[in-house]
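J.: Given the sequences, and given the hints that come with them, work out the whole structure.
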Amino acid sequence: MSAPMELAVVGAGPAGMGAAAQAAELGVDVTLLDEQPAPGGQIYRGVDRVLGERPETARVLGEDYRRGASLTAALRRSGARHLADTAVWDLSVRDPDSGALLPAGEGLTLGLLRAGRAEVRRARVVVVASGAMERPVPVPGWTMPGVMSAGGVQTLLKASGLVPGVPTAVVGSGPLVYLVAWQLARAGVSLAAVWVTVPWARRLEAAPAMLAAVGEYGQIAKGLRWRRELRAMGVPLREGVRDVRVVGSERAEGVVGQVGNTEQRVAAGLVVVHEGVIPSIALPRAAGCALHHDALRAAWAPRTDRFGATSVDGVLVAGDAGGVAGALAAEAAGRLAGLEAARRLGRIDAGTRDRLALAPRRALERALRVRPFLDRLFRPRAEVLAPVDEAVVACRCEGVTVATLRRLARAGCAGPNQAKAFSRCGMGPCQGRMCESTVAGVLAAGLRRDVESVGGYRVRAPVKPLTVGELAGLAGLDTPPEIVGGVPIGARRRA
Amino acid sequence: MFQRLDAPSAHVTFDFEGRSIHAAVGDSVAAALLAAGVVDLRRSPVGGEPRGPWCLIGNCFECLVEIDGVPSRQACMTLARDGMRVRRQRGAAGARA
Numbered sequence: 266m267s268a269p270m271e272l273a274v275v276g277a278g279p280a281g282m283g284a285a286a287q288a289a290e291l292g293v294d295v296t297l298l299d300e301q302p303a304p305g306g307q308i309y310r311g312v313d314r315v316l317g318e319r320p321e322t323a324r325v326l327g328e329d330y331r332r333g334a335s336l337t338a339a340l341r342r343s344g345a346r347h348l349a350d351t352a353v354w355d356l357s358v359r360d361p362d363s364g365a366l367l368p369a370g371e372g373l374t375l376g377l378l379r380a381g382r383a384e385v386r387r388a389r390v391v392v393v394a395s396g397a398m399e400r401p402v403p404v405p406g407w408t409m410p411g412v413m414s415a416g417g418v419q420t421l422l423k424a425s426g427l428v429p430g431v432p433t434a435v436v437g438s439g440p441l442v443y444l445v446a447w448q449l450a451r452a453g454v455s456l457a458a459v460w461v462t463v464p465w466a467r468r469l470e471a472a473p474a475m476l477a478a479v480g481e482y483g484q485i486a487k488g489l490r491w492r493r494e495l496r497a498m499g500v501p502l503r504e505g506v507r508d509v510r511v512v513g514s515e516r517a518e519g520v521v522g523q524v525g526n527t528e529q530r531v532a533a534g535l536v537v538v539h540e541g542v543i544p545s546i547a548l549p550r551a552a553g554c555a556l557h558h559d560a561l562r563a564a565w566a567p568r569t570d571r572f573g574a575t576s577v578d579g580v581l582v583a584g585d586a587g588g589v590a591g592a593l594a595a596e597a598a599g600r601l602a603g604l605e606a607a608r609r610l611g612r613i614d615a616g617t618r619d620r621l622a623l624a625p626r627r628a629l630e631r632a633l634r635v636r637p638f639l640d641r642l643f644r645p646r647a648e649v650l651a652p653v654d655e656a657v658v659a660c661r662c663e664g665v666t667v668a669t670l671r672r673l674a675r676a677g678c679a680g681p682n683q684a685k686a687f688s689r690c691g692m693g694p695c696q697g698r699m700c701e702s703t704v705a706g707v708l709a710a711g712l713r714r715d716v717e718s719v720g721g722y723r724v725r726a727p728v729k730p731l732t733v734g735e736l737a738g739l740a741g742l743d744t745p746p747e748i749v750g751g752v753p754i755g756a757r758r759r760a
Numbered sequence: 096m097f098q099r100l101d102a103p104s105a106h107v108t109f110d111f112e113g114r115s116i117h118a119a120v121g122d123s124v125a126a127a128l129l130a131a132g133v134v135d136l137r138r139s140p141v142g143g144e145p146r147g148p149w150c151l152i153g154n155c156f157e158c159l160v161e162i163d164g165v166p167s168r169q170a171c172m173t174l175a176r177d178g179m180r181v182r183r184q185r186g187a188a189g190a191r192a
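Residue numbers (the numbering used here), protein chains in the order written: chain A, 266 to 760; chain B, 96 to 192.
Keep in mind the hints are simulated off the structure, nothing from the lab.
Fair warning: this is a prediction, and the values are worked out from it, not measured in the lab.
Built from N, CA and C at the ideal position, the CB exists for glycine as well.
Be a bit skeptical, because a hint or two may be false.
As the list claims (entries may be wrong) - Here are some, though not all, of the chain B residues that point toward chain A, as calculated from beta-carbon distances under 8 Å:
| # | residue |
| --- | --- |
| 1 | PHE111 |
| 2 | ARG114 |
| 3 | MET179 |
Claimed, not checked - Covered stretches of chain A, going by a simulated chain B footprint (3 or more residues, C-beta under 8 Å):
| # | region |
| --- | --- |
| 4 | 281-290 |
| 5 | 402-413 |
| 6 | 429-442 |
| 7 | 485-491 |
| 8 | 657-664 |
T.: Written out as structure tokens, the structure reads:
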């Protein structure tokens with residue numbers, strides 16, 4: 266095994282870039298590990314290339330996206346080592362050879378995949394900045410080609426400068442629905458419908474939380490501006506839409522929903538769906554970090570202190586992976602985790618850490634002021650977490666329907682892990698990422714319990730599928746040609 | 096299905112089931128195929144119905160394709176390269192025709 270890393274930061278979004286730059290500025294030897302070819306994360310994906318080479322894409326993405334360039338510049342100046350195209354498939358407190366628990370303070374073990382080769386590296390301190398993923402959107406028809414997540418459409422825009430060339434429907438809840446629709450409209454995409462699924466009653470629920478956003482109304486004003494400009498551009502924006510389903514045979518052909526008192530049907534070659542984002546926590550889970558379930562946001566997140574330290578010694582979490590709060594909060598939380606990492610590694614004392622933490626702490630608190638309002642306004646509806654239509658596919662990989670999960674709940678199935686054993690839900694290549702919230706939601710509703718007590722899937726390494734060929738590198742073996750690209754581990758299925 | 100906002104500075108060309116796909120340098124295989132109008136990339140090994148890219152960030156595993164004879168590669172996480180041979184994935188991961 267190669268020499269241990271002093272600080273490993275996983276993920277080069279705003280939190281990871283903030284943590285890496287902050288720690289490196291204080292003299293820590295930082296290795297920033299990221300799956301993408303260039304820093305930025307999902308929010309600022311491809312920012313340097315877009316601003317440098319793609320003026321029309323940059324215009325369509327808007328002003329907020331440009332902020333990413335200041336973060337990539339700070340990262341480069343800091344001297345942190347950036348390992349691009351590197352996936353992390355394990356974070357563990359165990360010795361990779363003996364399997365024994367590493368003594369506290371002895372560091373962590375990371376499983377990496379670079380250039381088709383798996384390797385195992387030690388790190389003294391790890392900051393997990395793995396960001397967020399979109400909540401699954403289990404509506405009828407959502408498995409058809411031509412249905413994509415709003416984040417996926419943004420990824421195509423940021424990474425490749427691509428926008429839909431067919432009439433498009435954007436459907437769902439959350440700030441991203443308005444933002445993506447606004448960006449596509451500015452790019453001249455034909456928007457057949459923008460259907461916001463936030464129930465009208467949510468506005469009343471959220472209104473009192475506007476008080477907490479004092480001084481930060483700019484965030485809310487921005488959302489209202491997107492909405493106003495969509496209408497001004499003639500986009501058919503409807504709000505309070507219910508019972509949405511995607512229609513088509515072999516691929517998406519449109520959407521049907523309750524708009525006001527009438528059922529409307531709109532033809533669209535691409536249906537973009539979104540119901541908010543939730544933390545990506547496979548690595549903290551693999552490491553055994555204590556989690557909590559946030560009932561308002563309907564999502565699991567690691568328990569952390571004010572600097573992002575988890576229950577596992579040496580593992581810190583920063584940014585949306587620790588609770589979704591957006592890019593500005595993530596940047597500040599990354600700085601705080603970087604300071605704490607530098608303290609643990611002996612570069613600064615607690616007093617210096619606290620003094621340097623004042624500015625990012627203030628930025629974080631400001632960025633968080635608008636969250637109570639947004640979290641209440643865009644709180645997921647019951648039917649997003651537990652669909653009422655029994656034919657809806659909950660687990661896309663294994664084709665497990667809501668009907669099957671309800672039957673399991675009636676039989677007294679205790680939780681997602683037991684449901685997995687009975688139905689194969691969560692056993693496909695996505696390892697439960699696309700079904701966990703639905704499986705837990707349907708079981709909780711059926712058992713009349715809350716999601717916290719029903720629990721989530723146990724996570725084991727590798728948290729991303731590896732092939733036998735990739736793993737062969739671990740033992741220092743040359744890859745045996747007959748198993749190159751064999752069945753991915755974690756994706757094994759019945760023949 | 097998708098179209099480009101800016102003219103790409105450089106191209107790569109790969110083969111998709113006998114068809115030449117011209118992609119921009121930096122495109123993922125999934126992005127290049129979507130730009131070329133290909134939206135269904137595999138069939139579900141369980142139900143047999145078509146599937147296509149959903150998340151584009153490596154979480155959903157709906158865009159699994161065969162690349163240069165290797166099955167179950169994530170099209171959204173693999174950069175398009177000159178001379179690649181890409182095919183739709185049919186049936187179970189790892190099953191060979």
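J.: With a cut-off of 8 Å between beta carbons, are at least three residues of the region 657-664 of chain A near chain B?
T.: holds (count 4)
J.: Are PHE111(B) and chain A close enough, Cβ to Cβ, to be under 8 Å, as the hint says?
T.: violated (15 Å)
J.: Please verify the coverage claim for the region 429-442 of chain A: does it have three or more residues whose C-beta sits within 8 Å of some C-beta in chain B?
T.: holds (count 3)
J.: Are there at least three residues in the region 402-413 of chain A whose beta carbon sits under 8 Å from a beta carbon of chain B?
T.: The restraint on the region 402-413 of chain A holds, since 6 of its residues have a Cβ under 8 Å from chain B and three suffice.
J.: Under 8 Å is the threshold here; is the Cβ of MET179(B) close enough to any Cβ of chain A for the hint to stand?
T.: violated (14 Å)
J.: Examine the region 281-290 of chain A for residues whose CB is less than 8 Å from any CB of chain B, and state whether their number is three or more.
T.: Since 0 is below three, the answer is violated.
J.: Mind taking a look at whether chain B covers the region 485-491 of chain A? Criterion is 3 or more residues with CB to CB distance under 8 Å.
T.: violated (count 0)
J.: Please verify that hint: ARG114(B), Cβ, nearest Cβ of chain A, below 8 Å or not.
T.: violated (17 Å)
Going down the numbered hints, you'll see the structure goes against 1, 2, 3, 4, 7, while the others check out.
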